[in-house]
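> Those protein sequence lines, which keep their order, are chains L and W. In this text, residue positions in the first sequence follow my numbering: the first is 25, and each later residue adds one. In this text, residue positions in the second sequence follow my numbering: the first is 25, and each later residue adds one.
Because the hints were derived from the structure by calculation, they are not lab data. Don't take each hint at face value.
Repeated chains share a single entry, so a pair holds when one copy, or any two copies, can fit it.
What the hints assert, rightly or not - No more than 27 angstroms apart at the CA atoms, straight line, and that leaves these computed lysine-lysine pairs for DSS-like:
1. K27 x K128
2. K84 x K34
3. K84 x K135
4. K128 x K34
5. K27 x K84
6. K34 x K44
7. K65 x K34
8. K132 x K84
9. K85 x K146
10. K30 x K65
11. K146 x K84
12. K128 x K44
13. K40 x K65
14. K44 x K135
15. K85 x K34
16. K128 x K84
17. K30 x K146
18. K135 x K146
19. K30 x K44
Number of protein chains: 2
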Amino acid sequence: MAKSVKHILKQELEIKVGGKLWLESEGERFFGPGPMELLEKIEETGSISNAARAMNMSYKKAWELINHLNTQTNFPVVVPQAGGEKGGGSTLTAEAIELIEYYKALRKRFKTFLENETERLKI
Amino acid sequence: MAKSVKHILKQELEIKVGGKLWLESEGERFFGPGPMELLEKIEETGSISNAARAMNMSYKKAWELINHLNTQTNFPVVVPQAGGEKGGGSTLTAEAIELIEYYKALRKRFKTFLENETERLKI
Numbered sequence: 025m026a027k028s029v030k031h032i033l034k035q036e037l038e039i040k041v042g043g044k045l046w047l048e049s050e051g052e053r054f055f056g057p058g059p060m061e062l063l064e065k066i067e068e069t070g071s072i073s074n075a076a077r078a079m080n081m082s083y084k085k086a087w088e089l090i091n092h093l094n095t096q097t098n099f100p101v102v103v104p105q106a107g108g109e110k111g112g113g114s115t116l117t118a119e120a121i122e123l124i125e126y127y128k129a130l131r132k133r134f135k136t137f138l139e140n141e142t143e144r145l146k147i
Numbered sequence: 025m026a027k028s029v030k031h032i033l034k035q036e037l038e039i040k041v042g043g044k045l046w047l048e049s050e051g052e053r054f055f056g057p058g059p060m061e062l063l064e065k066i067e068e069t070g071s072i073s074n075a076a077r078a079m080n081m082s083y084k085k086a087w088e089l090i091n092h093l094n095t096q097t098n099f100p101v102v103v104p105q106a107g108g109e110k111g112g113g114s115t116l117t118a119e120a121i122e123l124i125e126y127y128k129a130l131r132k133r134f135k136t137f138l139e140n141e142t143e144r145l146k147i
């Protein structure tokens with residue numbers, strides 16, 4: 025039978041079950057909220073440097089996240105923008121967009137899990 | 025329909041969905057793997073100072089975690105050991121033990137969630 029903690033936790037407080045998810049390989053995380061935001065910002069801003077700036081992240085750090093992600097995927101997640109020259113911006117590959125879609129769906133399932141667990145605190 | 029990332033992630037790598045859970049109140053975390061380990065070590069070693077030492081945590085930090093936890097509960101989680109004198113050790117309250125049991129059950133449900141999500145990476 026499930027353990028209740030209703031009588032233990034102060035019910036007048038807004039207590040929630042919170043959490044974080046990531047993808048890992050050999051114990052090392054390579055995708056989670058940070059890389060997800062970076063990919064979304066690249067899509068939005070059209071370049072890695074703009075995306076990094078928008079996140080207050082160094083260009084070097086942004087490239088490290090992308091390179092690390094690329095070691096886990098069959099396709100690069102970012103390519104130079106079509107028609108672009110050196111320094112002319114980057115665009116996400118179709119696979120990176122699918123990865124974003126997957127992560128959004130995963131996040132939604134996790135949100136449901138957390139909401140159910142938060143409800144359970146009250147019963 | 026659920027998005028598949030099977031073709032995107034390298035299938036020869038052992039890729040897993042990993043995660044972390046905690047309890048929060050007004051956006052501030054007050055219980056998770058750290059406080060859980062601290063309570064377990066207090067139960068094991070019979071004192072807060074021994075527990076902190078076993079975790080390479082300062083006595084001050086251990087007390088901060090406990091005090092923070094106590095602000096969210098209807099009962100203190102730790103009391104001086106019965107018959108103990110000043111500095112004579114601490115013991116968990118029945119409610120703290122229930123909190124441990126609850127967290128173990130929560131962790132188990134989360135493990136199932138993560139295993140299901142890891143399976144889903146392959147389909």
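> Against this structure, judge whether each hint is valid.
The hints, checked one at a time:
no. : hint        : result
1   : K27 x K128  : between (31 angstroms within a copy, 9 angstroms between copies)
2   : K84 x K34   : between (45 angstroms within a copy, 25 angstroms between copies)
3   : K84 x K135  : neither (32 angstroms within a copy, 34 angstroms between copies)
4   : K128 x K34  : between (33 angstroms within a copy, 20 angstroms between copies)
5   : K27 x K84   : neither (47 angstroms within a copy, 31 angstroms between copies)
6   : K34 x K44   : both (24 angstroms within a copy, 23 angstroms between copies)
7   : K65 x K34   : between (40 angstroms within a copy, 24 angstroms between copies)
8   : K132 x K84  : neither (31 angstroms within a copy, 38 angstroms between copies)
9   : K85 x K146  : neither (42 angstroms within a copy, 29 angstroms between copies)
10  : K30 x K65   : between (41 angstroms within a copy, 24 angstroms between copies)
11  : K146 x K84  : neither (46 angstroms within a copy, 32 angstroms between copies)
12  : K128 x K44  : both (13 angstroms within a copy, 18 angstroms between copies)
13  : K40 x K65   : between (29 angstroms within a copy, 25 angstroms between copies)
14  : K44 x K135  : both (10 angstroms within a copy, 13 angstroms between copies)
15  : K85 x K34   : between (42 angstroms within a copy, 23 angstroms between copies)
16  : K128 x K84  : within (26 angstroms within a copy, 40 angstroms between copies)
17  : K30 x K146  : within (5 angstroms within a copy, 38 angstroms between copies)
18  : K135 x K146 : both (17 angstroms within a copy, 22 angstroms between copies)
19  : K30 x K44   : both (24 angstroms within a copy, 22 angstroms between copies)
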